[in-house]
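J.: Make the full structure from the sequences, and use the hints.
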Amino acid sequence: MQIRAPQTPLPSLRSRLLIAAAVWLLGITLAAGYLMPSFIKTYLVDQEKHQLYIYLDELTAQIDTDSDGNVIPPKPLSNPRFQQPYSGLYWSLNVADTELRSRSLWDTRISGDKESGFVGPDKQSLIVLTRDILLPDLDDPVTLTVAISQERLLKTLTQLTSGLWLILLIMAGGILCLIWLQVSWSLWPLRRLQKNLKQVREGETSELSGTYPAEIRPVVDDLNALLFHYQEILERARNHAGNLSHALKTPIAVLNNEVAHLNEQEQSRLQPSLQQLQQHIDYHLGRARMAGATNILSAKTAPSPRVDAISMAMDKVYASRGVVLVNELDSDLLVAIEKRDLDEIIGNLIENSYKWAKSLIRVHQLEQSADTVMVVIEDDGPGIDDGAYQNALKRGVRLDETTPGTGLGLNIVNELAHSYRGELNLSRSQLGGLKASITLPKPRK
12 MQIRAPQTPL
22 PSLRSRLLIA
32 AAVWLLGITL
42 AAGYLMPSFI
52 KTYLVDQEKH
62 QLYIYLDELT
72 AQIDTDSDGN
82 VIPPKPLSNP
92 RFQQPYSGLY
102 WSLNVADTEL
112 RSRSLWDTRI
122 SGDKESGFVG
132 PDKQSLIVLT
142 RDILLPDLDD
152 PVTLTVAISQ
162 ERLLKTLTQL
172 TSGLWLILLI
182 MAGGILCLIW
192 LQVSWSLWPL
202 RRLQKNLKQV
212 REGETSELSG
222 TYPAEIRPVV
232 DDLNALLFHY
242 QEILERARNH
252 AGNLSHALKT
262 PIAVLNNEVA
272 HLNEQEQSRL
282 QPSLQQLQQH
292 IDYHLGRARM
302 AGATNILSAK
312 TAPSPRVDAI
322 SMAMDKVYAS
332 RGVVLVNELD
342 SDLLVAIEKR
352 DLDEIIGNLI
362 ENSYKWAKSL
372 IRVHQLEQSA
382 DTVMVVIEDD
392 GPGIDDGAYQ
402 NALKRGVRLD
412 ETTPGTGLGL
422 NIVNELAHSY
432 RGELNLSRSQ
442 LGGLKASITL
452 PKPRK
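Under my numbering, the first residue of the sequence shown is numbered 12, with each subsequent residue one higher.
FYI, nobody ran anything at the bench for these hints, they're computed from the structure. Mixed in with the good hints, there may be bad ones.
List of simulated lysine to any residue pairs, SDA-like, C-alpha gap at most 25 Å [stated by the list, open to error]:
#, residue 1, residue 2
1, Lys166, Asp57
2, Lys327, Asn338
3, Lys52, Leu175
4, Lys350, His272
5, Lys166, Ser98
6, Lys366, Arg332
T.: This is the structure in structure tokens:
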């Protein structure tokens, strides 16, 4: 089992919903900001053209010719702006080489076309309507042109557009705030569920409690059922391990005593089977202990004082060897492992070092990430061959048959580490002996 590298966290549900709402609002705001001015301009231009058609009809009604076939200048139109120079409202009449213009055009004329646009006095942008009519006394059609300046329309449109953008931005901001409040209110049960889970993880409660919405209630019920089942299994495994230990201890002791009274040939034939039986029992009891504790979710243990306690016990057992253990672990270092399991892990590794070290054992730490820490136990003993590291972690394997032991210690440590999503690695120490590096999880913050 390998420890997975930390993955980049995905955005929260709140962020996703707010980002989606912001993108949607941005699209709607931009669409409204660009389409609505276009609709307003079309409406205003249509209104101006509607008025121009009235003037064009009025001008058409006044067109006539004299006895010589010349076009009679029309009377002043109803709107006095046609009489004011450069007023923005113009008309012109063209037939053959004759051109008549409104007084408002003064000494200029309407120029341009539909593609490039029409231009009047002072380079005014114009809205233009034209009409061709036929008179009985004229061979050529009479072209009537009525125009109005767009300057006031464009200025009005600019003011409307500015006000529209301001309204749209205020409205989008207000809607986004309302969506934020709605999202926060909707996700509040999930925050309460997170707080409740934290209480379970820290051992303050054994189940999730409180009232939750109908969409979340099934999840809460399933989590409570899972927690109950998990705690029941752990407690049952602990009890079965203890019961099995007590049930088998006496029969095995009796068998060992009986075998001790046999001759050497019988002892050599029966002792391997008894030892194999003892190894299987020790292994499976160790696996049962590995099932964890009822408060494993809130497990939090300081390794440094546990190393000191184990070292004091080992100093008494191996007093004749004169081995010194140097504990360099930080006193405030915490790992997310239950106390008895941590003692099992560190105790096996330290005991192994005491068996083989010449004079020195060093225990120190290497920071790996915000979630894990590596505890290193190394000694100055003979170590093991480079090719035998993986083999040493297998169940029941003893690399040296002359030293007492069952060959289960490193295997139990390895499986215990895996049960906590950790990892045990063996390598050559700079001190000359074995270096055991075990990666352990830190408590969640």
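J.: Are the hints correct? Go through all of them and say.
T.: Hints, verified against the model:
A C-alpha spacing of about 16 Å is found between Lys166 and Asp57, which places the hinted pair at or below 25 Å, so the restraint holds. Simply put, Lys327 and Asn338 have alpha-carbon atoms about 17 Å apart, close enough for the 25 Å limit, and the pair holds. Only pairs whose Cα atoms come within 25 Å are accepted, and Lys52 paired with Leu175 is accepted, the gap being roughly 13 Å. A threshold of 25 Å between alpha carbons decides the hint, and for Lys350 with His272 the separation of about 41 Å lies outside it, so the pair is violated.
Of the pairs offered as hints, the one joining Lys166 and Ser98 holds, with about 16 Å between alpha carbons and a cut-off of 25 Å not exceeded. With a C-alpha separation of about 9 Å, the suggested pairing of Lys366 with Arg332 holds against the 25 Å cut-off.
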